[in-house]
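Trainee: Turn these sequences into a full structure, and let the hints guide you.
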Amino acid sequence: MGDDYPTLFRSEQMSLMQFLIPTEVAHDTVAELGELGNVQFKDLNPAVNPFQRSFVGEIRRTEEMARRVRFFESQIQKEKDVVPIRPLYDSASLVTVGPSAAHNIDELDVTLAAHETRLVQMNDSYKTLSERTRELVEARHVLRETAVFFEKAETQQTDIRTSFDDSSAPLLQHDDREQQYLSTVQFDLEFVAGTIDRTRISTFERVLWRVLRGNLYMNHTDITEPFIDPATGAETRKNVFIIFAHGDALLAKIRKVAESMGATLYPIDANADKRSDSLREVTARLEDLETVLYNTGVNRRSELVRIGEHLARWQDVVRKEKAIYETMNLFNYDVRRKTLVAEGWVPTRDLTMIHMALRHATEESGTSVVPILQELRTSKTPPTFTRTNKFTEGFQTIMDAYGIATYQEVNPGLFAIVTFPFLFAVMFGDIGHGLIILFAALYMIFQEKKWARQELDEIVGQFFYGRYIILLMGMFSVYTGLMYNDIFSKSLHIWHSGWDFLEAGSNGVSYALSNGHIYPFGVDPAWHGADNGLVFTNSYKMKMSVVLGVIHMTFALCLQLPNHIKFKRPLDIYANFIPQMIFLQSIFGYLVVCILYKWSIDWSTRDTEPPSLLNMLIAMILSPGKVDATAQLYRGQGFIQVVLLLLAVVCVPWMLCMKPYFQWKEMQKIQGQGYVGLGHRNGGPRESTDEVLEIEEEGNGRVIVEEMEEEHEQHDFSEVVIHQIIHTIEFCLGCISHTASYLRLWALSLAHAQLSEVLWSMTIEKFLGLSGIFGTIALVMVVVFWFSATVFILCIMEGLSAFLHALRLHWVEANSKHYQGEGYSFAPLSFAKLDEKE
Amino acid sequence: MASVLPVIFILAIVLGLMACSRLFVPKGPHQTTIRTAVMLTLASCYLMWMVTYMAQLHPLISKSRNSLLRFY
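Line order of the protein sequences matches chains W and D. Under numbering that gives the first Met the number 0, the first residue of the first sequence carries the number 0, and numbering increases by one thereafter. Under numbering that gives the first Met the number 0, the first residue of the second sequence carries the number 0, and numbering increases by one thereafter.
There may be inaccurate statements among the hints.
Unchecked claim - Below, computed lysine-lysine pairings styled on DSSO-like, alpha-carbon distance capped at 30 Å:
1. W:K832 x W:K449
2. D:K26 x W:K379
3. W:K379 x W:K565
4. W:K77 x W:K337
5. W:K126 x W:K41
6. D:K26 x W:K565
7. W:K832 x W:K379
8. W:K448 x D:K26
9. W:K389 x W:K41
10. W:K489 x W:K41
11. W:K151 x W:K77
12. D:K26 x W:K567
Hints are computed from structural coordinates only; laboratory data are not their basis. Quick caveat: nothing in here was measured; it's all calculated off a predicted structure.
Mentor: See the structure below:
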């Protein structure tokens with residue numbers, strides 16, 4: 000495979016580049032590289048506190064701007080009527096690179112600050128005005144209700160007056176005359192009026208009664224409309240109360256109790272005229288306040304609308320600026336030459352693009368100094384970068400979830416493109432269900448462009464991300480459905496069946512006789528509905544699972560070979576790969592061959608009964624060499640099985656001992672040459688950490704910072720031996736358990752088929768025979784129910800289950816045969832990806 | 000008649016198709032991906048078909064009634 004094009008087979012080759020960027024161009028260069036999204040910068044100042052870095056000031060400023068933008072966003076979201084935010088691709092652009100960049104950013108800062116102060120001011124005044132409105136509304140209620148009290152009391156007053164007439168004393172008569180003069184003063188009592196929460200009114204009454212020992216008269220009514228708190232939107236219901244008592248001490252007590260219970264007191268005049276005056280005044284002020292409130296609301300909304308026009312662009316700019324300055328903080332400042340030095344990983348293939356980007360950046364900024372690019376040689380492992388497109392991205396992600404591939408090892412994601420949907424389909428096989436998920440995937444793919452722009456719900460987003468996986472899953476499911484001959488639990492009768500039906504016997508049992516014809520494509524439809532159909536299907540599916548499983552594992556094992564060749568580990572080929580392959584094939588490869596052989600024989604022509612393969616395998620291991628003549632599969636079986644078993648047994652010490660032995664010999668050789676192992680990898684380059692020296696030797700291109708945290712393999716012999724023991728045991732036991740694990744292919748497809756059949760027979764089948772209009776309506780309803788159960792239970796639930804199991808098969812059974820997965824993923828500075836991170 | 004010949008015949012066809020895909024997929028950034036996908040698809044579909052076909056080659060008929068299909 001040529002190096003002209005990137006392949007998914009291995010991760011890309013990366014080079015460590017050193018950038019020498021003059022300070023004037025730094026901002027624009029980083030912006031350009033960020034747009035490109037191809038460079039992962041290393042932190043060259045790991046020891047520096049984040050607060051001491053060079054660009055802390057700029058970051059603080061951008062943070063402030065970001066805070067303001069977030070404040071605007073929250074204010075817009077709180078509005079009840081939606082304020083439109085112009086989407087990013089529609090917004091006016093803001094130039095952030097080039098000579099005018101700094102000016103634009105400053106302008107932006109000022110604009111944001113101005114908007115913020117205005118908005119905050121308007122919010123505050125809105126709040127104060129609402130408070131005052133509320134008070135005035137309460138006052139108005141109080142005035143109204145007390146008017147009612149006084150009117151009622153006035154009418155009652157005359158009644159009460161008459162009852163005292165008998166014991167008339169001069170004092171009272173004197174009072175009587177005074178009463179007629181001052182019409183509204185009753186009993187010379189004074190009163191306290193106000194409002195209180197409805198929930199508190201009974202407590203209030205009781206407390207007052209106790210405190211004043213009953214020397215009060217209290218009346219209260221409900222205010223019908225609730226008050227809405229503008230900040231929280233909570234509703235409170237209040238009552239108006241008026242308390243009559245006499246004596247200043249009592250009134251003072253009443254006032255104290257009222258305040259402690261959270262009531263608001265209002266000064267009400269006893270005189271009716273004065274009361275109506277205050278009512279008018281309050282109403283007038285209320286109207287004024289409402290106008291002002293309305294105007295403030297309108298102003299605020301127009302301000303928010305104006306902000307909404309630019310908000311998306313501001314968010315974008317602020318985010319990018321922050322990212323740029325954070326990246327620039329990673330650079331090292333060379334004082335003598337006034338340049339910034341940066342180091343970063345770049346895919347080797349993209350070097351020309353980087354060069355062009357740098358040149359473009361300098362043109363934009365208007366200076367003539369081009370940043371210099373140098374390649375560095377290093378022994379550190381580069382990050383793993385696999386170039387994916389929208390189709391392969393999903394598959395790569397699900398395989399990466401197990402572990403990122405080591406740098407340049409064979410990528411299992413490439414093969415998962417087909418093997419994953421295929422194994423899924425083996426567990427899901429149904430033409431109808433396959434078509435349903437196929438159409439769902441096609442729908443998502445056709446809506447791709449539109450949905451990619453929207454913010455999708457978490458669950459829908461997951462399905463959308465995997466739309467190509469689902470597409471392939473659907474296609475393969477249709478194929479396996481054709482194989483299992485299962486469409487919504489019915490079977491298709493496309494070709495001639497291989498079974499002829501005999502007449503039904505006396506007990507209603509009918510038999511079918513084979514006519515020698517083989518159904519060419521898939522399972523014969525005659526098996527469907529047969530009483531012993533499951534006997535055949537189970538045997539068929541179990542054996543198929545074992546065959547597919549062993550072949551999948553063999554394939555995965557063979558993927559070790561390119562790795563060993565590429566990384567120049569010939570020892571591993573002889574010490575790991577070959578014994579593993581022999582072990583796997585001598586037992587399980589043999590089993591597969593036996594399965595296929597047993598199927599290819601016409602047992603009716605043989606004298607012996609067809610032997611059980613499982614028993615045969617067990618007997619092969621427990622009692623090798625002894626094969627019962629009546630239960631043998633082929634002649635000479637005993638001898639061949641002994642040979643195979645011996646081969647497998649030989650492989651175990653081979654795997655255990657060969658690699659440690661050779662590594663021990665190598666260690667002896669190196670030690671013999673006088674190198675002392677210091678816990679570093681023998682023969683590895685030791686790099687100095689002298690920074691000044693590094694920069695002096697410009698043409699040398701040494702790495703500036705050596706990260707000593709990198710792990711070097713310990714070459715203690717005991718570790719090697721232990722590692723190899725674990726590896727051997729894991730492989731040998733794994734072989735058996737993984738092969739059995741593949742039986743889940745059978746189990747899930749059986750469950751799926753049975754579930755589908757039960758659903759049909761329990762719903763539609765029961766309603767098919769009904770006639771008449773009632774029957775038809777019932778049938779339609781049942782069909783709707785059946786279809787929704789099919790989609791939700793059989794497609795979605797079973798689909799997720801089969802997805803999970805297929806994934807597990809890839810992760811555990813296949814990956815354990817070849818995958819190291821110790822890499823770290825490539826995380827370039829990319830403005831496009833900033834969006835996803837948020 | 001039931002024989003193993005179709006299996007071998009189809010195997011030959013599939014191998015031929017796999018070779019074709021190796022030779023004729025156009026060069027481009029996706030060559031490896033397409034090639035691998037096509038070859039794996041052909042291989043896995045053939046495997047499944049072969050297993051299904053061979054499972055039904057010689058159904059276990061014998062004189063006893065149990066091995067005939069039974070329908071109630």
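Trainee: It remains to establish, for every hint, whether it holds in the given structure.
Mentor: Checked hints:
no. : hint            : in the structure
1   : W:K832 x W:K449 : 19 Å, holds
2   : D:K26 x W:K379  : 33 Å, violated
3   : W:K379 x W:K565 : 17 Å, holds
4   : W:K77 x W:K337  : 49 Å, violated
5   : W:K126 x W:K41  : 50 Å, violated
6   : D:K26 x W:K565  : 23 Å, holds
7   : W:K832 x W:K379 : 26 Å, holds
8   : W:K448 x D:K26  : 28 Å, holds
9   : W:K389 x W:K41  : 28 Å, holds
10  : W:K489 x W:K41  : 60 Å, violated
11  : W:K151 x W:K77  : 47 Å, violated
12  : D:K26 x W:K567  : 28 Å, holds
The structure does not agree with the numbered hints 2, 4, 5, 10 and 11 stated previously, though it agrees with the rest.
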